[in-house]
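Asker: If you want the building blocks of each chain, they are given just below.
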Amino acid sequence: MRSTLRAIFILALICAVALLPMFTTGYYTGLVVKILIYALFALSLQLLVGCAGLVSLGHAAFFGIAAYYVTLLSPQSGPGNLFILLPCAVLAAMAYALVTGALSLRTKGIYFIMVTLAFAQMAYYVFHDTAVGGGTDGIYLYFRPELRIGDWVMLNLDDQYVFYLFTLGCMLLTWAFLAMLMRSRFGAAITGIRVNEPRMRSAGYSTFKYKLVAYVVAGGLAGVAGFLYAAKDGYVNPELLAWEQSGLVLLMVILGGSGRLWGAIIGAVVLTLLQEGFQSQALFGELAKNWHLTFGLAIIILVAILPQGLAGLPEQLRARRHAAKKAKPSPTTA
Amino acid sequence: MKHTLSRTALAAVLAFSAGSAMATVKVGFMLPYSGTYAALGEAIENGFKLYVQEQGGKLAGQDIEYFKVDDESNPAKGPENANRLIKRDEVDILVGTVHSGVAMALAKAAKDSDTTLIIPNAGADAITGPLCSKGVFRSSFSNWQPGYAMGPVAAEKGYKTAVTISWNYAAGKESTDGFKESFEKNGGKVIKHLTLPFPNVEFQPLLTEIASLKPDVVFTFFAGGGAVKFVQDYAAAGLRDSIPLVGSGFLTDGTLKAQGESAQGLLTTLHYADGLDTPRDNAFREAYTKNFPNLPPDVYAVQGYDAAQMLAAGLKAVNGDVSKKDAMREAISNATIDSPRGTFTLSKAGNPVQDFYLREVQGDQNKDIGIAVKDLADPARGCKL
Amino acid sequence: MTTLLSAKNITRRFGGLTAIDNVSLNLDRGTVHAVIGTNGAGKSTLVSVLAGELAPNEGSIFLNDQDITSWPQPRRARAGMGRSYQRTTIFPSLSVHENCRITAQARHQKFWSWASPAQHCALSNEAADRALALAGLDADGKRIAGLLSHGGKRQLEIAMSLATHPNVLLLDEPLAGMGPEETDRMLDLLQSLKSEHAILLVEHDMDAVFRIADVITVMVNGAVIAHGDPIAIRANPDVQTAYLGDEE
Amino acid sequence: MDPIIFLIQCLNAVQYGLLLFLVASGLTLIFGIMGIINLAHGSFYMIGAYMAFALQPLVAQYLGGGFVVTLIACVLLATILGYFLEWVFYSYLYTRDHLQQVLMTYGLILVFEELRSIIIDNDVHGVAAPAWLAGSVPLGDVMTYPVYRLFISLVCLLVAGLLYWVLSRTRLGMMIRAGASNREMIGSLGININRLYRIVFAIGVALAAFAGAIAAPVSSVYPGMGNAILIICFVVVVIGGIGSIKGAFLAAMLVGFVDTFGQIFFPAAAGVLVYVLMAAILLFKPEGLFKQG
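Those protein sequence lines, which keep their order, are chains Z, R, D and V.
Counting in the working numbering, the first sequence runs from 1 upward without gaps.
Counting in the working numbering, the second sequence runs from 1 upward without gaps.
Counting in the working numbering, the third sequence runs from 1 upward without gaps.
Counting in the working numbering, the fourth sequence runs from 1 upward without gaps.
What the hints contain is simulated information worked out from the structure, not anything from laboratory work.
Please note: incorrect hints may appear among the correct ones.
[Said to hold, decoys possible] Okay, derived cross-link-like pairs now, DSS-like style, lysine-lysine, Cα gap no bigger than 27 Å in a straight line:
# : chain 1 : residue 1 : chain 2 : residue 2
1 : Z       : K108      : V       : K246
2 : R       : K111      : R       : K348
3 : D       : K110      : Z       : K326
4 : D       : K142      : Z       : K325
[Claimed, not checked] If you want a taste of the chain R side facing chain Z, the calculated C-beta under 7 Å gives, among others:
# : residue
5 : A76
6 : P79
7 : R88
8 : N168
9 : G265
Please read these numbers as outputs of a predicted model, since none were measured by experiment.
Every residue gets a Cβ at the ideal spot worked out from N, C-alpha and C, and that includes glycine.
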C-alpha cells in the first residue's frame, strides 16, 4: 500500500512540475529549467558519491566539455541536429572521463579528491587561456539544436515550453536509468565496492573495471546536463568547469543526502532556491547585496546538523527518537 | 460613510488609469559595482543620473524608475543577471555594461527578448558586428577605434617596431588589433603581442620580456585597477625612460590620482580629453564636480551622460510611450548627440562616429594636444543590418 | 588426494623486514591444513600472498598445476579460491541473503546487463541459499546482517566465501572471539566442508586445531620450523620451545 | 634567452615559490596534524593582504610606524584570529569526515569573501612599498629588478629557516612532527592535544596572512585573490606529501619554476602545466614525494 501511495505522489509531483510554466512568468520558468539541469547534474555525481563511494571534486569538467562541444560544433547559420550533437557531446565528456578516470582511480581517499580537482582545472585552463573556447569571454550558441531527421523537424527546442518539457524528460529519464542501474547486477557490485572494496576483490570482482565504467557513465550523464545548460542560455564560458562549480554540485549531493538517489534532486532544488532567495531584495532587503554571507552560513549550518542530508532526515530523527526511548526507562517496566 | 468611500475609490481608479499615460520608464542598470571595474560602473551611473537630473528628473515627461544588478565583471553570470532585469523586473531599457564579455551576453539576451539596450562602455567589436541589431546602441566606442587612432600617431613619431600587451580577453585583443592595423598601414611592425589572463596583475614576467625584446614603443590596453598597477610596474621596472609607453585612453582615465608620478607624460588616444575648453564640456564638468566632488569627470561619466541623452532623444520622438519600440529606436539611430566630447552621430550599426583626441598626461589631467583622427567610424565588420 | 594449491619457496619482504622467509606448502582436497605460530609469525601475510592481495618477492604459486603467481586476486577468486578475513568484513546494511548473493554473483558476472534486476539472477540466488544452508543460517535470510550476533557474523563470513563455489578455502582465524558451542558448530561445519574443499586454517585455538587439522605447519618469524601430522607436531621439541613453551 | 633574463626569471620563480611555501606550509601542517582539509586557507592569505592595506594608514597615524610595524601588526592580528577560529569553528571539525570538512570550509570561504566586501570594499587597491625599498637594482644595460621583490624573497627565506629551526630544534617542533607522522600517538604521549592543535592552527594562519601582507605591494589587493592561490597551494601540499614541511618546500619551488618558465615558453598552456605536473607525480607516487608516517 505504501509504495502505491508513494508512486501516486511522485506522479502528481511530475505533472505539477510539467504544467508549471502555464502559471509562472518567463523568469521563474527559466529558474525551474536551471533547477532541472542541476538536478540532472547532481544525479550524475550521485552515481559516483552516493552509489560507488567515489568523492570527485572535478565533476564539472565533463559538464563544461559537453557544453563547449555542442556550442563549438553547432552551425552559426541555423540550428544543429540534436541527433548528432547530443550523442557527440556526451561521447566527448565520456572520452575525457575514460582517460582521467583510468589515471585517477589509481589513487584513494583525499588524493583521489585532489587528482579529480587537478584534471578538472586542466580542462578549465585549456578553455580559459587558449583560443579554442574563445578565452574568458566564452562563445555563443546562436540557435538551439532541434531534433531533425532529414528535414522533418520532430522537436524544435527554440520554443520555451518544448525545451522545458525536454529538460524535464531528460532529468526523469536519467533518474529512472540510474534507479534501474542500481537494482541491476552492476549496481549491486558498485554498492558492494562502496561498502567494502577488499571483500569484493576477494569474491572475484575486478573492482577497477567497475569503478571506471561508473566514472565514465557519470561523466556522460554530466555531459547531458552540460548540453542542456549550453542550449538554455546559448552561452558557455570557462567558469562552467571551475572548481566552484564542482564544489556546488558536490554540496547539492551531500546536502540532498548521498544515501538515496533522489537526495541529489532535493539538494539541487533546495540549494538553487537558497541561492535565489538570498539574492532577492524582497526577502532579505539590504542583506541581499551580501548574499554570499547568508548563503555561506547556511551551508555551514546545514552540513553540521544534517550529516545524512535532507533525504536522510527522517531516518536521522527516527534514530534519535529510538535512542531517546532506549535511554530513558519507560515507566511501564517499574 | 459609504458615500465618501465611493468618491475616494473613484479618485483612485482615475489616478490609476491616468497613471498609465504617466507610467514610468523602467531603466535597468547592469553595471560592475564590485571588482576591478567598480569605479567605472559608479561613474557611468552618476553621468546618466546627472543628465536626467538636469532635465528635472523626467525624460520626455516620463518618470524614470531604476533597477540595479551588479554584474561583478563576471561573464559566467551574464545571461542570468540579464534575465533578472529583462524577465523578472521587465525593464523597458537596459543600460550596461563595462566588461566586454558580460556585454556580449547582455547584447544576446537583449536581442533574444527584443529589449532596447544602450551600452555605456564595453567596446566589444562583435556587438556592432556579428551581434548587431536594431535595438542595440553604444554611447562609447568600439575597441578597434582608440587602438586604430594611435597607429598613425606612433608611426609619425618615427617608431618602427612595437610590442602590444593586454589582458587575454575581447577588449584587449580588439584594441591591440586596431593599433596593429593602422600602425602597420603607416609602415610600422608589431613584433609581439603579450597577454595575461583577466584580471591577473602579475606583470613582472612580461615586463622582463618587453625589456629583452627592446621595441621602439609599447602599446597597451588596460583599464581600472589593472591600468593603475601596470603603469606603476612599468615605471618601477625602469622601462619608462628607455621604451616609450602609449595606449588607449583607458590606461590613464580616472586613474591618474592613483598612478601619480609614474604616469607623467604618457600619450593616449581617446574620444574625450581634459582641457577641451568648449562651453558644452565646461558646463558638464562644472555640474559633475558639483554633484560628485571627489570623483573626476572622466570619459565613463561622459559616456553615461550621453547614454541618457540617447534615451531622451528616443523618448521625445514617441513622446514617452516606450511601447512604440521601432519608432523610438529609429529616433535614437538618427539622433545627433550634443556630447561634452563634441557632437557625434551613430553609424547604422549603432556605434558613435566621433573625433579621437591625442592626449598627454600633465599633472592629474590628460591634456588634449590635438586631434589624432577626425570622425572615425567603426567598420562594423560582419554586421548584416 | 589431489593437490589443489601449492606454494613454492615464497618470500615476502617489507623494506628491511622479511615477513615470509622461503615458505613452501601444499593444500590437498579433503584435508584441513592448519598453520599456527606466535603473533607476527607471518601467518596473515601468507594468507594475503596466497589470496593475491600481496605479490611475493620470490617463489611461485600453482592452482591445479597452473602458475597463478602473476594473477590478481579477483582472477584467482574466479578460479576457485575463497577467502575469509580475521576481522569480520560483511555488508552490515544489506540482508544476510543479499550478502551471499553479492559474493555469489562474482561467479556469474554479466558486466553489461544493466536492465535485469540482480534479484532475478537464479544461479546466484541458489548459490546463496546453498551457502546459507551449509553455514546453518538458512533461517536468518531476511535479517539485516549488521544485527547478527558475533558468532552469526563469523558464520556469514564463511557463507559468503562458500557462495562463490570455491574449491580452495583460506580461513584467517575463523574462530576468533567465539564461545565454546559456536566453536563446536564452526568445527562441524569445517568438517562437513572437508570432503569437497582444500582448507587452509590459520588459527590460535590449539584444541580446535588439534581436533580438526590433518596436517599442521608451524611458523616462527616468517619461517617454517615444523610440518607434519598433529601427533608429530605436538611431540616435536623445537615446536614446544619456540611456541608451546614448557606446557608439560 | 640571454643569461640576464634567465637570472631575472629565476628570481621571479624563487620569489613565487617562497610565497607559495609560506601558505602551503600552514596548510600541510593543519592537514597533516589535525587531519582537516581547510579550503578557507586561501582566505587567510587574502585577509593578510587586506590587513596590510587597511592597517597601513592606521599604523602610520597612531603608532607612527612604517611598513615593518604594519607587517608585525598583521601577523599578531592573524595569530589571534587563528587562535579564536580554531576554538570557535575548527575544533568542531575534528570528528567530521573529509567530505564535510571540505563543504563546511567551502561555506567559510563565502563568509570571509563577503565580510571582506562589507568591511573594506570591492575595489582593487595598490599597497605602496616602503620608500627605502621602492628602488630597483640595475642588471645589465636595460634591465632592472625591483628591490622589493628581493626583500620578499629574503624575508620569506628567513621565515622558512625560522620555521625549520622551530620544527627541528624545539620541543614544540618535536610535538608537531610527532603529530604529523602519527596523529593517534601524540595523545598517548601526555601532550595536551587541544593546545597543540590551537597553536599549530594559529601558526598556519599567521604564515598565510604574513605571506599575503608581504606580497600585497607586488600582487595588489583584489576580491577573490584567496581562491587563486588556494588551488595552487593544494597542488603544492599534495605533491610534497601531506604533513611534510620538507615536501612542501621542495614542491613549492618546483611549482614556482614550472609556473614562471611555463608562462615564458608555453604562454597558452601556462595554467595547465602545474596540474599536469601534479597528476604525473600522483600517478607514480600516489602519496606525494615525502609522505609522512
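Asker: For every hint, state whether the structure bears it out.
Answerer: Hints and how they fare:
1. Z:K108 to V:K246: Answer holds: K108 (chain Z) to K246 (chain V) is near 23 Å, not above 27 Å.
2. R:K111 to R:K348: holds (16 Å)
3. D:K110 to Z:K326: With Cα atoms ~45 Å apart, K110 (chain D) and K326 (chain Z) exceed 27 Å; violated.
4. D:K142 to Z:K325: holds (26 Å)
5. A76: holds (3 Å)
6. P79: holds (4 Å)
7. R88: At 4 Å from the nearest chain Z Cβ, R88 (chain R) passes the 7 Å test, so the hint holds.
8. N168: Because about 6 Å separates N168 (chain R) from the closest Cβ in chain Z, which is inside the 7 Å limit, the hint holds.
9. G265: violated (32 Å)
Hint check: violations occur at hints 3, 9; the rest are consistent with the structure.
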